[in-house]
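For the protein sequence lines, the chains are F and S, in the order given. Here the first sequence stands for residues 0 to 305, numbered as in numbering that gives the first Met the number 0. Here the second sequence stands for residues 0 to 305, numbered as in numbering that gives the first Met the number 0.
Distance condition first, Cα-Cα at most 30 Å in a straight line; then the derived DSBU-like pairs of lysine-lysine:
| id | chain 1 | residue 1 | chain 2 | residue 2 |
| --- | --- | --- | --- | --- |
| 1 | F | Lys46 | S | Lys18 |
| 2 | F | Lys93 | F | Lys140 |
| 3 | F | Lys48 | S | Lys18 |
| 4 | F | Lys95 | S | Lys93 |
| 5 | S | Lys3 | F | Lys18 |
Derived from the structure by calculation, the hints contain no laboratory data.
Protein chains: 2
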Amino acid sequence: MSYKLTVLGSSSAIPTVDKNPTAQLLNANERFFLIDCAEGTQVQLRKYKIKFHKINRIFISHLHGDHYFGLIGLISSMHLLGREKELHIYAHPKLKDIIDIQLSAANTELCYPLFFHPLFPEKDAVLFEDKKIKISTFPLKHGIECNGFLFEEKRSARKILKEKIKEYNIPIDKIKGIKNGLDFFTEEDVKILNEELTIENTGSISYAFCSDTKYNEDLLEKIKGATLLYHEATFMQDRKSRAEQTNHSTTIEAATIAKKANVRHLMIGHFSQRYKSSEDLLKETKTVFKNTIVAEQGLTINFSDL
Amino acid sequence: MSYKLTVLGSSSAIPTVDKNPTAQLLNANERFFLIDCAEGTQVQLRKYKIKFHKINRIFISHLHGDHYFGLIGLISSMHLLGREKELHIYAHPKLKDIIDIQLSAANTELCYPLFFHPLFPEKDAVLFEDKKIKISTFPLKHGIECNGFLFEEKRSARKILKEKIKEYNIPIDKIKGIKNGLDFFTEEDVKILNEELTIENTGSISYAFCSDTKYNEDLLEKIKGATLLYHEATFMQDRKSRAEQTNHSTTIEAATIAKKANVRHLMIGHFSQRYKSSEDLLKETKTVFKNTIVAEQGLTINFSDL
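Could you put together the complete structure from these sequences and hints?
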């Protein structure tokens with residue numbers, strides 16, 4: 000059981016030779032979710048040896064080019080590579096028209112089923128849920144409609160102790176019930192109390208992704224207690240007015256959100272191209288929220304290390 | 000006076016870590032023309048130190064992604080960089096809708112004038128002409144409507160000899176007339192015959208760009224005698240039927256076109272990803288047309304060396 004996040008790109012606005020705009024890959028127990036998809040993302044995926052066919056769900060936060068211009072290329076490459084599996088895209092409804100018009104211009108009928116799930120940016124919504132994970136969305140405040148995403152691992156209420164399975168020879172079909180609080184009866188009909196067999200299953204993982212947004216305390220309740228929060232920090236605090244003007248956040252604002260939401264770790268990125276190094280941005284953020292890291296391109300975070 | 004062509008990308012279909020799909024930059028006496036614009040082209044331009052603002056005209060051959068998916072990113076970056084100069088795009092009319100829908104989704108009003116010139120793929124047409132250059136288009140035969148382009152340097156009929164300008168103290172305002180065949184009268188009213196002052200101005204440069212196309216002898220009259228012909232050669236000759244099926248050409252077909260059109264040099268590219276090296280493709284092409292080179296990514300061709 001592991002969650003890993005790979006930063007494929009984290010710069011803002013314009014791609015350069017060594018800096019790609021936003022794209023991240025979340026590997027949630029071998030299910031692969033792509034979050035944003037700037038121009039060049041398919042090459043970044045190749046660079047970091049992530050096979051396209053593993054990605055089944057793509058989440059696009061908003062329709063500024065530095066967050067989605069690479070999507071049509073990825074969709075097309077999946078087609079050229081003969082993909083057969085379903086692909087699900089969650090994005091602003093206008094993106095469907097943008098995809099369709101380009102496929103139509105190329106006279107391309109995709110060889111795999113593409114399901115488009117429109118986001119309605121004014122409302123929170125659950126986008127996907129099964130026994131293992133819940134993925135939801137919530138509005139951000141940016142110049143155009145923009146969505147944040149929350150990936151929450153779902154765990155059973157109790158965690159069964161491996162040595163007890165062996166000790167009492169517990170059959171597989173009983174394990175789920177025990178994880179949910181049932182007691183166990185041995186072959187000799189001896190009752191073993193649940194509290195002997197299990198411990199509380201704490202520490203489920205959650206990842207909150209807040210791409211472009213101005214400072215917004217409405218976020219706090221959506222992301223509270225997240226294991227990791229990605230929050231943009233386009234400017235340093237001395238450019239607070241520029242941040243407001245462009246619907247972005249400063250370092251201190253990102254840190255304040257992290258602190259007030261009581262998240263465990265903060266990752267900042269989307270720095271303005273005016274900053275040649277991330278050093279000062281990180282330093283300033285840490286004055287408010289110590290557990291901060293920088294979304295360096297190529298970084299892979301293993302949630303079990305957090 | 001110089002023409003230079005830089006190959007920004009020349010692979011087919013899918014971009015990889017070290018191979019970009021089609022894009023070329025023609026520097027025609029310090030006027031910069033971008034020809035096709037696959038995903039990643041703006042980064043390739045940066046890599047080869049070509050400033051975006053120098054590009055005033057962009058020519059897109061057709062609407063398969065490996066020839067234009069990088070255009071919207073380049074247009075957007077030019078906007079973010081505060082471009083003021085006009086940009087002219089020559090492409091299939093559907094590309095205007097594709098650009099417009101994406102600018103509209105981002106709520107972007109470009110800060111520079113963008114002029115879109117629709118190509119009508121069934122007809123030859125002159126796209127741009129002035130004293131120095133003529134740029135025209137002609138149809139190719141591909142799965143979807145597709146255009147070739149011809150860039151022709153315009154030279155005066157005669158070339159004036161520099162030493163004669165000095166010898167007879169010829170004023171600047173007389174030079175144009177002499178280049179067009181007039182005689183010259185000295186201050187003493189002595190007539191100097193044009194043939195003493197000039198030589199024939201031969202060897203004007205022309206570059207023909209034939210991106211994706213099946214074998215098509217209709218091209219011959221359009222491109223005849225070109226200094227350089229770029230012609231795709233997606234497959235080797237043993238895959239002729241695959242080439243036909245996909246509306247592409249083989250090495251031998253590209254070479255045959257070059258030979259029959261009597262061009263001086265042929266450049267081949269757009270090789271199928273099945274070929275790990277271009278060596279065999281080049282060798283096979285040369286069996287029919289010796290003056291062949293490969294469109295290696297990063298290659299710059301100085302036409303004065305041809």
